[in-house]
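Protein chains in written order, with our numbering: chain H, 1 to 239; chain D, 1 to 239.
Certain hints may be false.
In silico BS3-like pairs for lysine-lysine, Cα to Cα no more than 30 Å straight-line [unchecked claim]: (1) K204(H) with K203(D); (2) K170(H) with K204(D); (3) K189(D) with K219(H); (4) K134(D) with K55(D); (5) K43(D) with K170(D); (6) K219(D) with K170(D); (7) K203(H) with K170(H); (8) K134(H) with K111(D); (9) K43(D) with K189(H); (10) K189(H) with K87(D); (11) K170(H) with K53(D); (12) K134(D) with K87(D); (13) K134(D) with K204(D); (14) K207(D) with K189(H); (15) K219(D) with K207(D); (16) K111(H) with K207(H); (17) K204(D) with K170(D); (18) K87(D) with K207(H); (19) K43(D) with K71(D); (20) K72(D) with K189(H); (21) K87(D) with K203(H); (22) K203(H) with K189(D); (23) K170(D) with K204(H); (24) K170(D) with K170(H); (25) K134(H) with K72(D); (26) K219(H) with K87(D); (27) K203(H) with K170(D); (28) K43(H) with K55(H); (29) K134(H) with K189(H); (30) K207(H) with K170(H); (31) K170(H) with K207(D); (32) K87(H) with K72(H); (33) K93(D) with K189(D); (34) K72(D) with K53(D); (35) K71(H) with K170(H); (36) K170(H) with K87(D); (37) K203(D) with K207(H); (38) K87(D) with K204(D).
Since the hints were made in silico from the structure, they are not lab data.
2 protein chains.
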Amino acid sequence: MHIEVVANIGEARSDEFLHKTVIVVDVLRATSTIITALINGCKAIVPVETVLKAKELFREGDLLGGERFCKKIPGFDFGNSPLEYTKAAVQGKRIILTTTNGTRGIQKAMKADHVLAGALLNSRACARTAVDFKRDTVILCAGTQDVFSLEDGLCAGLILEELSILLGDKNMAVNDFGMAMRGCYLQSKDTLFETILASSNGKKMNKSGFQADLVLCAKANTTDQVPILERDQMVLMQH
Amino acid sequence: MHIEVVANIGEARSDEFLHKTVIVVDVLRATSTIITALINGCKAIVPVETVLKAKELFREGDLLGGERFCKKIPGFDFGNSPLEYTKAAVQGKRIILTTTNGTRGIQKAMKADHVLAGALLNSRACARTAVDFKRDTVILCAGTQDVFSLEDGLCAGLILEELSILLGDKNMAVNDFGMAMRGCYLQSKDTLFETILASSNGKKMNKSGFQADLVLCAKANTTDQVPILERDQMVLMQH
């Protein structure tokens with residue numbers, strides 16, 4: 001299996017996703033939030049690029065979620081903190097979600113055969129799903145405003161580790177950036193929280209009072225659930 | 001000190017180098033070659049972007065060096081293997097050098113206050129020089145055709161390690177990409193050769209018969225010499 005890790009959305013070229021599985025990773029926080037909301041019983045999440053599009057797609061009974069520059073969008077039900085998307089709030093609902101980087105990443109990946117939402121929370125499950133799909137795989141780190149974000153790289157490294165357990169290194173061809181991310185993950189695997197806290201987004205979120213989000217999002221392999229894109233919405237994969 | 005590691009030349013924006021020290025890193029092989037040639041007594045190296053420009057600047061007594069796609073340019077005295085640049089061949093000479101990535105990186109860095117040529121061979125010396133210059137520092141990984149190359153990232157990680165020994169982590173602000181490269185270097189520091197051999201360029205060069213170059217270029221901190229740009233040519237820094 002060929003596996004390519006892409007450093008940020010700006011570097012992603014949609015045409016290179018054809019016939020592949022793409023795992024979109026935005027650890028802080030879009031994909032962590034999508035995973036959490038779906039686990040908590042939300043019916044589906046529709047990722048869109050703009051606030052306008054979110055309002056256009058909104059139907060009665062839906063919820064609106066999203067952020068711009070880490071802040072909730074005025075008039076929306078939720079921001080981008082996974083902790084807001086509780087069972088009580090989301091069960092049975094469809095959520096229209098727009099975030100600065102993560103939902104853009106999903107949009108960009110739409111030409112792929114399969115699009116998964118990956119985070120540290122479900123890295124092992126994403127690796128297993130990618131192996132099942134038997135396609136070359138791209139791990140698309142969302143980054144922040146087209147700049148690489150460390151927490152996404154760590155997650156890419158963890159997914160590569162999990163893939164290597166399933167496939168064996170001999171059966172994987174990984175690009176140089178992926179090899180670097182795997183090394184970086186291995187170096188930090190026992191200090192994931194501290195490493196993420198020292199990153200650019202980690203520092204920003206800690207300063208903004210989102211410590212609990214950091215604790216949640218820095219945990220590895222807490223769920224075997226994988227959000228997958230079906231037509232234009234993310235739903236949980238059926239096992 | 002702010003330290004930014006840039007993943008490849010395509011991501012470098014010249015204007016961001018103003019008032020800074022830039023360490024250009026092209027481990028395989030331009031900067032390893034520049035270091036080796038200058039240590040072996042070559043008077044100066046003029047890095048240029050094109051073959052045409054190299055021929056234009058050529059004066060009697062000069063030597064021409066360079067490659068396109070790892071191959072020596074027809075009519076040139078040397079390719080891009082540091083092993084060609086022996087004492088006997090280069091002593092007292094000026095060399096006009098054009099390579100696919102490394103010399104482009106130096107050209108791109110010209111707006112900086114100081115431009116150094118860094119490789120694994122002289123990472124500690126580059127760190128020391130950057131500290132002496134008391135400027136914010138950019139480590140510009142040349143990469144390959146605007147794609148990240150693992151060996152350059154490892155070198156950036158080593159330079160960061162050396163900077164942290166000199167400055168202390170508290171006195172360094174490093175971008176996320178740099179933090180990842182440092183982690184990756186630490187994970188691979190005892191297996192630098194093997195890690196580079198497994199990289200994209202490492203495999204390519206091994207296949208093309210350049211094993212000896214890989215052995216030479218994968219050695220860390222073998223010299224305290226630092227090439228620095230003076231006007232349009234690289235010379236050894238005077239201690």
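Kindly indicate which numbered hints from before are broken by the structure, ordering the numbers from low to high.
Hints 1, 4, 5, 7, 8, 9, 10, 11, 12, 13, 14, 16, 17, 18, 20, 21, 24, 25, 26, 30, 33, 35, 36, 37 not satisfied by this model.
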